[in-house]
Amino acid sequence: MSTTSLEVAEKVPSAGEYVVHHLANLNSSGHPQSAMIDFSIVNYDTLFFAILVGVGGLFCMWLAARKATSGVPGRTQAALEILVEMVGDQARTIIHNERSRRFVAPLALTVFIWVFLMNAMDFLPVDLLPFFWQKLSGNPHAYLRVVPTADLNGTLGLSVGVLLLCFFYNIRIKGIGGWAHELFTAPFGNHPLLYIPNFVMQIVEFSAKTISHGMRLFGNMYAGELIFLLIALMGMAFPALPLVGGSLLWLGHLVLGTLWAIFHILIVILQAFIFMMLTLVYIGQAHQSH
Amino acid sequence: MYLNATLLAQMGVFIILALFTMKFIWPPIVKALDERAARISEGLAQAERGRQSLAQADRTAAETVREAREKAAEVLIEAEKRAEQMIERARDDARIEAEKVMAAARDEIEQEGARMRESLRGRIADLAVAGAEKILRREVDAKAHADLLASIGEDL
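Chain order of the listed sequences is H and F. Anchor point for the first sequence: position 163 equals 165 in our numbering, and the numbering is continuous, going up by one each time. Anchor point for the second sequence: position 67 equals 145 in our numbering, and the numbering is continuous, going up by one each time.
Incorrect hints may appear among the rest.
[As the list claims (entries may be wrong)] On the chain F side, residues computed to face chain H include the following (Cβ under 10 Å):
#, residue
1, Tyr80
2, Ala83
3, Leu86
4, Met89
5, Phe92
6, Pro105
7, Pro106
8, Ile107
9, Ala110
10, Leu111
11, Asp112
12, Ala116
13, Arg117
[What the hints assert, rightly or not] Straight-line Cα separation of at most 30 Å, DSS-like style, residue types lysine-lysine; simulated pairs:
#, chain 1, residue 1, chain 2, residue 2
14, H, Lys211, F, Lys101
15, H, Lys211, H, Lys176
16, F, Lys178, F, Lys159
17, H, Lys176, F, Lys101
18, H, Lys69, F, Lys101
19, F, Lys159, F, Lys149
20, H, Lys69, F, Lys109
Don't read these hints as lab results, they were simulated from the structure. Just so you know, these numbers come straight off a predicted model, no measurement behind them. We treat Cβ as the ideally placed atom computed from N, Cα and C, and that holds for glycine.
Model the full structure from these sequences, guided by the hints.
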């Protein structure tokens, strides 16, 4: 696509180079991160697009909510009301605490909208924004990833936030003593010999919930992005092949790209919904005593 | 799969966005929904009240119509009775009047008849006197026989 035509001028990238280049973040170090965990680095692109769609989405909702009327609602307000009622109903059935719901229900709505919008960045052609960024920055090799949820930092940031909220509500509902008691006596039972196994079990449970929460969304979006890249590669390969084979590849790009994008609409909404539901369920579990 | 400080920043953004939603987006929508629900339930209650008062008004109207109809029937009967009385009285008056007129007429006829008889009697007496005069011109003195003639005239 466009990027390729730009890069063709210098050097045609191999398929591997193309994919790897697309999966590297624009970060504060200026080159792809080498260490697995390095908290001195920040991914500018993930944060930029996450904040852009988050603030943009919430701003649009605020515009509609600001003029909300109890009379006949406009279409925008009606759509927002459907969302609010859907999330509110889910929150009511999962969290049986009116005071907690005052924060958790709007939190769930935020999660749903924000994750949906971040996922939806996948619908943009994979090379579109990177191409503009390379033009804008003047660096033909500039990195840019536009889907914040295809970056593990983006999704684990959310799930760790949910984990901290779980801690907060555990303490608020059960008190520090009550929660500590639960950490050492559940799930196996209240016996001095079982204190250590119980605590280990609790740590495993919290870690598993948080990591699977973030990893599930990341995995789906990362895989989706990768497939978009592979489909784009297929289309890109057509000038290198004889006419018939090349045309078939180009056609394949068109058909498969369309099909995958349509299927991806489902994944984008479904994953946003799952992420929201798990957020509610995990915070709801913090309200229950074992 | 590389973790870095983006995670912490994302966490902060997450909490800030959630707080914004809690403060500025969720409450107006929920308020609008609750108010609309209250208005709808109030409207339904009003409709129910309206239906009840309509039924009440229907009952009252039917009662009023029934009473009016009864009263009209009474008035009608009363009016018929009075009309009959009036006709009766008029008829009586007419009969009395007619009898009066007939009695007057009879009197008059009788008087007229008497008068006619009187005048006839006079005329016949005159004629008889005249005839007798013609017959008895010479022997009968009208003056000397006036008494006789008068008694004849009386017998006629």
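How the hints compare with the structure:
no.: 1; hint: Tyr80; result: 4 Å, holds
no.: 2; hint: Ala83; result: 5 Å, holds
no.: 3; hint: Leu86; result: 7 Å, holds
no.: 4; hint: Met89; result: 4 Å, holds
no.: 5; hint: Phe92; result: 5 Å, holds
no.: 6; hint: Pro105; result: 8 Å, holds
no.: 7; hint: Pro106; result: 4 Å, holds
no.: 8; hint: Ile107; result: 5 Å, holds
no.: 9; hint: Ala110; result: 4 Å, holds
no.: 10; hint: Leu111; result: 6 Å, holds
no.: 11; hint: Asp112; result: 8 Å, holds
no.: 12; hint: Ala116; result: 8 Å, holds
no.: 13; hint: Arg117; result: 6 Å, holds
no.: 14; hint: Lys211/H to Lys101/F; result: 28 Å, holds
no.: 15; hint: Lys211/H to Lys176/H; result: 20 Å, holds
no.: 16; hint: Lys178/F to Lys159/F; result: 28 Å, holds
no.: 17; hint: Lys176/H to Lys101/F; result: 26 Å, holds
no.: 18; hint: Lys69/H to Lys101/F; result: 15 Å, holds
no.: 19; hint: Lys159/F to Lys149/F; result: 15 Å, holds
no.: 20; hint: Lys69/H to Lys109/F; result: 12 Å, holds
The structure is consistent with each of the numbered hints, conforming to all of them.
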